[in-house]
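We have chain Y; now place chain W onto it with these hints.
There are 2 protein chains.
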Amino acid sequence: MKLENCPIPQSGYSLITLAHGGGGLLSHRLFEQVFLPAFDNEYLRETHDGAVLPQIHGPLAITTDAHVVQPLVFPGGDIGTLAVCGSLNDLAMCGAEPKYLSMSFILEEGLPIEVLQKIVESIAKTARAEKVVIVTGDTKVVEKGRCEGMYISTTAIGEIKAPNKICPQQIQSGDVLILSSDIARHGMAVMSCRPGFQFESGITSDCGSLWPAVQALLQEKVQIHCLRDLTRGGLAAGATELSKASGFEFEVHEEQIPVQNNVRAACEIFGLDPIHVANEGCFLAVVAATDADRCVRILQAQNGTALARKIGFVTEAKGSAHVWIKGAFGQRRMLILPTGEQLPRIC
Amino acid sequence: MKLENCPIPQSGYSLITLAHGGGGLLSHRLFEQVFLPAFDNEYLRETHDGAVLPQIHGPLAITTDAHVVQPLVFPGGDIGTLAVCGSLNDLAMCGAEPKYLSMSFILEEGLPIEVLQKIVESIAKTARAEKVVIVTGDTKVVEKGRCEGMYISTTAIGEIKAPNKICPQQIQSGDVLILSSDIARHGMAVMSCRPGFQFESGITSDCGSLWPAVQALLQEKVQIHCLRDLTRGGLAAGATELSKASGFEFEVHEEQIPVQNNVRAACEIFGLDPIHVANEGCFLAVVAATDADRCVRILQAQNGTALARKIGFVTEAKGSAHVWIKGAFGQRRMLILPTGEQLPRIC
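If you're matching them up, the sequences are chains Y and W in order. All residue numbers for the first sequence refer to our numbering, where the first residue is 56 and numbers rise by one. All residue numbers for the second sequence refer to our numbering, where the first residue is 56 and numbers rise by one.
I should point out that these hints are in silico values taken from the structure, not numbers from a laboratory. All clues stand as given, with none of them false.
Because identical chains share one entry, a pair is satisfied inside a single copy or across any pair of copies.
Simulated crosslink set (EDC-like; lysine to aspartate or glutamate; CA at most 16 Å straight-line):
1) 365 / 306
2) 220 / 97
3) 299 / 87
4) 299 / 101
5) 365 / 237
In isolation and in its complexed conformation, chain Y is listed as follows:
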């Protein structure tokens, strides 16, 4: 009789069972043997229903993301690094320094505990590097097939460090659009390892934290009007959303958008336009024209944003709210939001 099928729980389980999510002995063991050692901190050690955190000074930033990426591990990261960076990046886009994380795990029955442990270690490592504390969480287990390994939902709490509000409504005519790095790496890295799709590409995800770059801009008092990380839907979705929310037309110069050669080649094979492909460590900054060059220089001096450059500007036209993209030969086309789904579950 295999240990996993034995109705009497033992400590030596190697696979996740439904009982690991039942709130009983195995749930406790999972917490004590997997989560607590990795995330260890005073809040989790209290083993209470929630965490009580010290006062946050000033306004509070909060963001939530569900992560369902498939496969769980991809070139350049895994669902764990993604779950931490994805939420921290959303905070950074509000001009907030990340402080605390909460994480809820939905695990699939039969998931090797070893796989969970690796993801948990990767979460812990990323959180430590970004100086955020995982203060509370939850774990549920669903029957085999009702999830793919694991889904992770993260909520991040941060302290606003920006002197002015950073949001789409702050965008002004004449502002400059600055792209922090080359695009489309994350989407193509995940695509390169999807079952049935695999191809050798050498592409690695850009999955990483954007707070250091934003922090550098804030410290140098760059007049940032809006920030948007270019995840699902890529640069196209990000720019279109900001244009719509601000009510201004944007003009983007296609030849200014950096794309790695191997990424461009992979996109061509699949007939994808890189501006629609997801990123996990790339953002669009909308800054006052007077500060644009300085903003680019500051970003270029930071790790991960060395390729930062101006890619366009906010026009004077208000009301229609479209993004116009100008090609290398001067042709001008309107960007539209992707309507179908190129590739599900890249985050």
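Relative to chain Y, chain W alone:
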């Protein structure tokens, strides 16, 4: 050709497609047509990556829960009421007044949008009644079969109202254990409508918010040392966890624990002990002996906790940390944490 199979997105979708989670046009429509009208507030209307909230005074309480209940709708509630109340109750157990909620949805491809709409309405109604604002969220869609309708993760943020810390480490020898209501209704209500299990029982879930009851205790300055809502694993898991975390032995008197007749009957049919069955609107309060009677009277005057009563006490024995349960005939047995899983996915 059915509308759902058409590659050109139309506005008349009646089922969730993968593209609703892709960050493109359909994601936007879902937000604007389903989530925004129901949850409408200034934070969501900004359509930014995160929300910036006014300063929270004093320490901050935070809690997270994943909800995977099956079926999505059960007698007395649905996954929406559960997702709101579950998180608010965890906050209440810290002595915190709930203020804000974030919600992340993992939806199954093929889910009728009508079903999502009903759950979203139920979330909005519960949140309004409890005066909490849903400030941020996320939606992902996974392939058909990779989820069961929907999973919802909630994070709640609250303001601490308790003058002293409420946590297991505050429990003292001589403290009285007060149970807020009858037990085992939620677990048996969900069981009564599980596919393959259905039975006519008339049992409805106790799913509801515990903050009004806790608020009443705080307003009357009852010396609360610890609170625990008795969800997964029921009273048995709650009491055992508190005993273990505090290091004290508890004694519980079985005949003092109220159980509705139909709940008791259903438990007998399935061979379950009600103390192991989940609740979603019931808590255990550990209070100073001098305040115990007053605590019971205050709870009995509140909606939903009319059956509150003393069920035991914290003994002087420290170190072994067991819960002893005393039966109607004076027999004494040690409570152990449930090890297997009676019924998965009751929350």
